[in-house]
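Trainee: For reference, the chains in residue letters:
Number of protein chains: 2
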Amino acid sequence: MKRTVIGGDIGGTHARFAIVDEAKNIISTEKIRIRHTGSAQDFLEQIVSALEKVLNTARARDCDVQAIGLGIAGKVDSERGIVIFSPNIPEARNLTVAEKICSRVNMRVFIDNDANAFGRGEVWAGDGALFKDWLGITLGTGVGGCLVLSGKVWTGEEGIGFAAEIGHTTVYPGGLQCLCGKLGCLEAYASEGGIIRMIQRQNIFPEKQVSTSRQLYELALTGDERALELFKIAGKALGVAIANAFTLLGIRKAIIGGGVSRAWVFMEPATKDALREHMSMLDLDEIILKTSTLGDTAALLGAAKLALDGLAGTHPRK
Amino acid sequence: MKRTVIGGDIGGTHARFAIVDEAKNIISTEKIRIRHTGSAQDFLEQIVSALEKVLNTARARDCDVQAIGLGIAGKVDSERGIVIFSPNIPEARNLTVAEKICSRVNMRVFIDNDANAFGRGEVWAGDGALFKDWLGITLGTGVGGCLVLSGKVWTGEEGIGFAAEIGHTTVYPGGLQCLCGKLGCLEAYASEGGIIRMIQRQNIFPEKQVSTSRQLYELALTGDERALELFKIAGKALGVAIANAFTLLGIRKAIIGGGVSRAWVFMEPATKDALREHMSMLDLDEIILKTSTLGDTAALLGAAKLALDGLAGTHPRK
Numbered sequence: 221m222k223r224t225v226i227g228g229d230i231g232g233t234h235a236r237f238a239i240v241d242e243a244k245n246i247i248s249t250e251k252i253r254i255r256h257t258g259s260a261q262d263f264l265e266q267i268v269s270a271l272e273k274v275l276n277t278a279r280a281r282d283c284d285v286q287a288i289g290l291g292i293a294g295k296v297d298s299e300r301g302i303v304i305f306s307p308n309i310p311e312a313r314n315l316t317v318a319e320k321i322c323s324r325v326n327m328r329v330f331i332d333n334d335a336n337a338f339g340r341g342e343v344w345a346g347d348g349a350l351f352k353d354w355l356g357i358t359l360g361t362g363v364g365g366c367l368v369l370s371g372k373v374w375t376g377e378e379g380i381g382f383a384a385e386i387g388h389t390t391v392y393p394g395g396l397q398c399l400c401g402k403l404g405c406l407e408a409y410a411s412e413g414g415i416i417r418m419i420q421r422q423n424i425f426p427e428k429q430v431s432t433s434r435q436l437y438e439l440a441l442t443g444d445e446r447a448l449e450l451f452k453i454a455g456k457a458l459g460v461a462i463a464n465a466f467t468l469l470g471i472r473k474a475i476i477g478g479g480v481s482r483a484w485v486f487m488e489p490a491t492k493d494a495l496r497e498h499m500s501m502l503d504l505d506e507i508i509l510k511t512s513t514l515g516d517t518a519a520l521l522g523a524a525k526l527a528l529d530g531l532a533g534t535h536p537r538k
Numbered sequence: 221m222k223r224t225v226i227g228g229d230i231g232g233t234h235a236r237f238a239i240v241d242e243a244k245n246i247i248s249t250e251k252i253r254i255r256h257t258g259s260a261q262d263f264l265e266q267i268v269s270a271l272e273k274v275l276n277t278a279r280a281r282d283c284d285v286q287a288i289g290l291g292i293a294g295k296v297d298s299e300r301g302i303v304i305f306s307p308n309i310p311e312a313r314n315l316t317v318a319e320k321i322c323s324r325v326n327m328r329v330f331i332d333n334d335a336n337a338f339g340r341g342e343v344w345a346g347d348g349a350l351f352k353d354w355l356g357i358t359l360g361t362g363v364g365g366c367l368v369l370s371g372k373v374w375t376g377e378e379g380i381g382f383a384a385e386i387g388h389t390t391v392y393p394g395g396l397q398c399l400c401g402k403l404g405c406l407e408a409y410a411s412e413g414g415i416i417r418m419i420q421r422q423n424i425f426p427e428k429q430v431s432t433s434r435q436l437y438e439l440a441l442t443g444d445e446r447a448l449e450l451f452k453i454a455g456k457a458l459g460v461a462i463a464n465a466f467t468l469l470g471i472r473k474a475i476i477g478g479g480v481s482r483a484w485v486f487m488e489p490a491t492k493d494a495l496r497e498h499m500s501m502l503d504l505d506e507i508i509l510k511t512s513t514l515g516d517t518a519a520l521l522g523a524a525k526l527a528l529d530g531l532a533g534t535h536p537r538k
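Residue numbers (my numbering), protein chains in the order written: chain A, 221 to 538; chain B, 221 to 538.
None of these hints come from the bench; they were simulated from the model. Even for Gly, the Cβ is constructed at its ideal location relative to N, Cα and C. Please note that a few of the clues may not be correct.
[Claimed, not checked] Taking lysine-lysine and the BS3-like style, the derived pairs with C-alpha atoms no more than 25 Å apart in a straight line are:
no., chain 1, residue 1, chain 2, residue 2
1, B, Lys372, A, Lys372
2, B, Lys320, B, Lys251
3, B, Lys510, B, Lys452
4, A, Lys251, A, Lys320
5, B, Lys320, B, Lys452
6, A, Lys251, A, Lys273
7, A, Lys320, A, Lys352
8, A, Lys372, B, Lys244
9, A, Lys352, B, Lys244
10, B, Lys510, A, Lys352
11, A, Lys452, A, Lys510
12, B, Lys352, B, Lys372
[To be verified] Among chain A residues calculated to face chain B with C-beta under 7 Å, some are:
no., residue
13, Asp353
14, Phe382
15, His388
16, Cys400
Please model the complete structure; the sequences and the hints are all you need to start from.
Mentor: What follows is the structure in structure tokens.
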């Protein structure tokens with residue numbers, strides 16, 4: 221039997237799972253839609269039931285699953301296996317996810333923030349391996365971030381439950397309202413949710429419904445000036461946030477992922493303009509900005525690597 | 221003979237030196253004013269001549285000096301011992317300071333950025349020892365910063381020559397002009413230089429000359445509303461920058477030093493307001509902000525520790 225682990229990526233609307241072997245091969249995937257009833261028990265049942273299905277698949281494929289790693293959108297205490305708080309999975313607040321799932325599927329479970337899983341995946345199987353020190357940014361429903369310092373995913377002060385939350389750094393004090401309750405966060409400008417809220421608030425497309433960043437990207441491809449302007453605003457905000465992160469950390473490389481990053485071609489010039497405007501410690505030609513080549517699978521592979529690290533006893537701390 | 225090292229703090233206008241023993245005692249200090257002729261040779265001569273004086277003092281005091289550590293204001297490649305660029309010591313650009321001084325005084329020389337020396341000093345002899353992960357901010361002529369992560373001073377990507385330059389993170393895009401050439405840097409609001417430039421530009425004290433942060437502090441003590449407002453502006457900008465740093469790093473502790481921090485009592489309420497306004501990942505009561513208890517000596521002790529680490533072979537990298 222083949223030695224494998226399961227990697228999972230649990231967001232607010234969907235959860236995805238993959239059986240992954242030590243050679244980074246994805247053997248099988250599974251995706252479910254999450255129903256939110258407000259009950260932690262209901263949330264766990266959906267995850268456990270999906271995992272049981274994946275474990276059945278594994279047996280059928282002659283795979284020996286040794287552990288489970290889960291990247292979860294939210295503030296996660298990786299060491300204790302607890303979701304502290306997740307804006308998009310509110311029923312999971314203070315939930316001992318690792319222990320509860322472990323007791324149901326009888327297998328070791330390791331959890332981390334989903335953007336950290338993205339970082340781990342990039343280091344293991346993507347361009348992250350090329351760099352020792354870099355910032356990862358996922359432009360999805362929200363904006364997630366990860367920091368890789370000296371080759372390791374930085375998880376913040378012990379027990380604090382978050383790190384690299386670049387989406388909630390302030391780019392424009394007093395600016396647009398973010399879902400987190402503050403004004404001017406990067407997420408309000410450069411996430412799918414933030415961009416769609418800008419569109420709705422200002423009724424930017426009165427003649428049609430634009431409710432996803434993919435639709436907006438397709439409009440930009442047709443040369444629609446409004447779509448291009450929105451990606452420019454997003455790109456500029458991103459440049460301010462990256463400039464601050466590079467200046468603060470003494471790093472100069474970033475990998476950008478998430479659905480909105482498919483429109484990178486429309487954001488990049490504005491991001492670079494903002495970097496030039498806001499960064500005194502580095503010249504633009506010293507900087508490397510790359511979009512993720514792993515795409516959707518970065519977080520799944522990273523969650524799998526989390527499980528492998530857990531088995532090897534190198535999880536969870538730096 | 222007592223085993224000692226020399227720690228030095230080299231700024232734009234002054235250089236200070238101390239003979240320090242392994243028990244963190246400061247045995248003797250020396251301060252010189254630096255004349256800038258534009259010649260690297262002249263700059264080095266002044267440092268070497270001061271060091272020779274300190275070495276004479278050491279011999280007279282029966283101290284065996286084993287190495288020299290220097291904190292230098294600017295972008296420093298600690299590993300190669302080179303000052304890459306210093307806005308306040310322009311003649312030192314690309315100067316192989318460590319090697320050149322070493323060949324003159326015949327002793328091992330280690331160099332680092334001055335704010336990193338502050339951090340090292342706080343870890344060795346100050347409150348920095350209480351924390352594993354923290355941000356240091358020096359509010360002096362400019363604004364310097366250091367980052368201590370997992371108990372070690374973070375020096376950025378190998379060879380990049382800077383880290384923790386919080387003074388040049390943007391707090392207000394499009395805001396006040398900073399000496400670095402960019403707009404809206406923290407340094408333009410919260411350094412002595414930035415505050416004095418605000419005073420001059422707006423002629424805030426037409427009836428008297430206010431040219432130091434100490435004078436401004438003394439005015440604030442008398443209840444002068446203009447002085448209080450300036451410290452409030454500085455405190456608020458500082459809060460925005462700290463909020464962004466904490467959010468980006470997953471840390472929650474800061475130690476604030478430098479001359480302007482003597483007015484901390486007038487800045488603190490605004491800093492806390494800004495933290496409350498801009499930080500969604502932490503509540504205010506989870507945060508620890510302290511002013512340095514070592515004061516002026518933090519950077520000297522840190523430079524001495526740099527020398528001791530160098531002797532022990534643990535310098536310069538993380």
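Trainee: Now, for every hint given, state plainly whether the structure supports it.
Mentor: Okay, the hints, checked on the actual structure:
1. Lys372(B) to Lys372(A): Judged against 25 Å, a Cα distance of about 15 Å means the pair holds.
2. Lys320(B) to Lys251(B): holds (21 Å)
3. Lys510(B) to Lys452(B): holds (17 Å)
4. Lys251(A) to Lys320(A): holds (21 Å)
5. Lys320(B) to Lys452(B): The given pair, whose Cα atoms are some 44 Å apart, is violated under the 25 Å limit.
6. Lys251(A) to Lys273(A): holds (11 Å)
7. Lys320(A) to Lys352(A): violated (35 Å)
8. Lys372(A) to Lys244(B): Since the Cα atoms of lysine 372(A) and lysine 244(B) sit roughly 33 Å apart, the hinted pair is violated (cutoff 25 Å).
9. Lys352(A) to Lys244(B): violated (34 Å)
10. Lys510(B) to Lys352(A): violated (32 Å)
11. Lys452(A) to Lys510(A): Given that 25 Å is the threshold and the Cα spacing comes to 17 Å, the pair holds.
12. Lys352(B) to Lys372(B): Within the cut-off at roughly 8 Å; holds.
13. Asp353: holds (4 Å)
14. Phe382: Result: holds, 5 Å to nearest chain B Cβ.
15. His388: holds (5 Å)
16. Cys400: holds (4 Å)
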